[in-house]
Amino acid sequence: IILFLQGFFGLILIFLSYLEHMAFPIFLSFICLGLVIVSLLAFFYKLPVIRTNVKITRYLQSSVQGFTIIRPQKDKLLLICLSVLLQFINGAILTMVVYDSIGSPITFLTALAIIVLTSIINQINITPNNFGIQAVTIAYLVSVTGLDFTDGIIGAGIIRTLNLSSTLIMAP
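If you're matching positions, the sequence shown starts at 1 in the working numbering and goes up one per residue.
Hints in this document: simulated from the structure, not taken from any laboratory.
The model shown is predicted, which means the values in this text are computed figures rather than measured ones.
Mixed in with the good hints, there may be bad ones.
Claimed, not checked - Simulated restraints, written as ranges between beta carbons of each label pair:
id, residue 1, residue 2, range
1, VAL38, GLY103, 26 to 32 Å
2, ILE37, GLN65, 18 to 24 Å
3, LEU78, VAL136, 31 to 37 Å
4, ILE102, GLN61, 41 to 47 Å
Built from N, CA and C at the ideal position, the CB exists for glycine as well.
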């Protein structure tokens, strides 16, 4: 469900960004479209049962099993969609405030596009918690909007620090 929402919002935001003359790379559009198609296929077709003891297939089987449980519960699906949307909006507001505080203001649409596209890239963990990868991704997406790459790195570092601080403060 989250992958579908990431792909769907990503496609919409990339399209709206093109209308504002921001040139996000075309491969991001294809990634978003692929997420939407695969998610829709998983939603409308019966998912196969995978029976092996390999770690990745156990993970996939667990995901399939959870999805088959939640698929008929339309009210829960709506709550999940609203929760994801609120997380995207919260992240976009944080991103706007951070970049405004360093003197490089961005629009809400740009911040939302950065958050959604970064969340898609974060699905693939290259380093623990994508440390460094996330900063470069955010900086690259910020530079596509016309700001400086170094402002993107500084803003990404502040965002990571704020997220880590809130996690440490709220943890028991």
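Checked hints:
Taking the beta carbon of each, VAL38 and GLY103 are about 40 Å apart, not inside 26 to 32 Å as hinted. One distance hint, 18 to 24 Å for the beta-carbon pair ILE37 and GLN65, holds here, with the actual separation near 22 Å. The given range of 31 to 37 Å is respected by LEU78 and VAL136, whose C-beta atoms sit roughly 35 Å from each other. Checked against the hint of 41 to 47 Å, the pair ILE102 and GLN61 passes, with Cβ atoms roughly 45 Å apart.
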